[in-house]
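Q: The listed protein sequences derive, respectively, from chains A and B. In this text, residue positions in the first sequence follow our numbering: the first is 1, and each later residue adds one. In this text, residue positions in the second sequence follow our numbering: the first is 1001, and each later residue adds one.
Bear in mind the hints are in silico, worked out from the structure with no lab data behind them. Some clues are possibly wrong.
Stated by the list, open to error - Coverage of chain B stretches by chain A, computed from C-beta distances (three or more under 8 Å per stretch; other residues unrestricted):
1. 1095-1109
2. 1118-1130
3. 1168-1175
All values reported here derive from a predicted model rather than from experimental measurement. The beta-carbon is built from N, C-alpha and C at its ideal position, and this holds for glycine as well.
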Amino acid sequence: MADIDNLIAIYAVIVIAIAAIALISIIAVPIGYEETQLYPKNINTSSALNPYDRGGEPFGKTDVIAQYPQNSPYLGYVTAYLTPLSALMAASNLYLGTTIVSHPGGIIDEILYNTRGLDTIVETSILFTAFAIASFLFRREDE
Amino acid sequence: MFELPTSSIGGEELFVLPFGDIVNYFTPYTGALFLFALIFTLICIFSKPEKQLDVAFGTDAIYAKDVTGKDLHFRRFMAIACGVATMGAVTSGDVFNFTLFVSMVGICIIGIVASVKNKHVLNAAFNYGIISMLATVPLFGGAAITLAATGTLSIWELSAIAPAMPGIAKALILVGVMGEGIAPFYAAKAELFRAPGAPYVIMIHVSSLLMFLRVVEIMLTV
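The whole structure should be built from the sequences, with the hints applied where relevant.
A: Written as structure tokens, this is what we have:
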């Protein structure tokens, strides 16, 4: 344990042990799946917005479950809006749901961008931190 | 048995900062952790880094390891980012949000030592980087099991239905924080501390310490 080169192996053994215990205990005492999910998801494979389709009318209000509705006054207004480009892509093929990050104003998901917006911000912050480190290390060779 | 006056050891709620479903909260406990992270981030912003001196034995010579230029800017930036991520993690009122902030702390710790041109430090950082990458699996796995088994992620709701989070999820999150916070892996931590530039390097230690104090509170609450 005093040698750095063994650390990965030690940590991997710990993780494997915990995972094995978890598997055994799940088999012994199964954990039930909670039916009243806060963020329910229906996979509708014929929808172009799959898996982000939460239904609803554009510019109308949609019923969306939130933990604290009083904190999201615009809950339900976000979900159905697509930019003209995204609407065109959604009309022409079935794969718009896979391009969520690759075009501006694409799918606006109620849960990602409204009720759990801070998660999205932190996720992109992690990405940008990683990019900052990588670009710094790459550009350092020029010195 | 003693009759203790209050059941909430973490203290009464002082202030709540809602972000939609994610409701960050300040109790005396998390508030103290937040203040500690804030003060240390301010030290990183305003303090100049230390100058590490190595004495060459048998002579009068001294090697001074100075942190200057781009190196200084980048390490200060990463230390501040680490401080901000720590502040987010210690006040987070949501299990998944907490795991996200923890993994951001892990990446920032690598960033703090990434610009050091010392073979031993970089080797330690590489090994630690792989551990923190691996640690995201149990970390997010624990959060996912929590959501599936209880239907919610809010610490407020989870603490209301007290022993709600499955023990497996708790164990997975704990082992994930262990990996991100380099807790029992003192060898890697000692090597990372060889890097010059005191307030930035100490940020590694402060952030992982606060991470642990917070995860213990969450595990006891939910």
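Q: A separate judgement is required for each hint: does it hold in the structure or not?
A: So, going through the hints one by one against the coordinates:
1. Taking a C-beta to C-beta cut-off of 8 Å, the region 1095-1109 of chain B contributes 8 residues in contact with chain A, enough for the three needed, and the coverage statement holds.
2. Note: the region 1118-1130 of chain B has 5 residues with beta-carbon separation from chain A under 8 Å; the three-residue rule is met and the coverage holds.
3. Beta-carbon proximity to chain A at under 8 Å applies to 4 residues in the region 1168-1175 of chain B; the threshold of 3 is reached and the given coverage holds.
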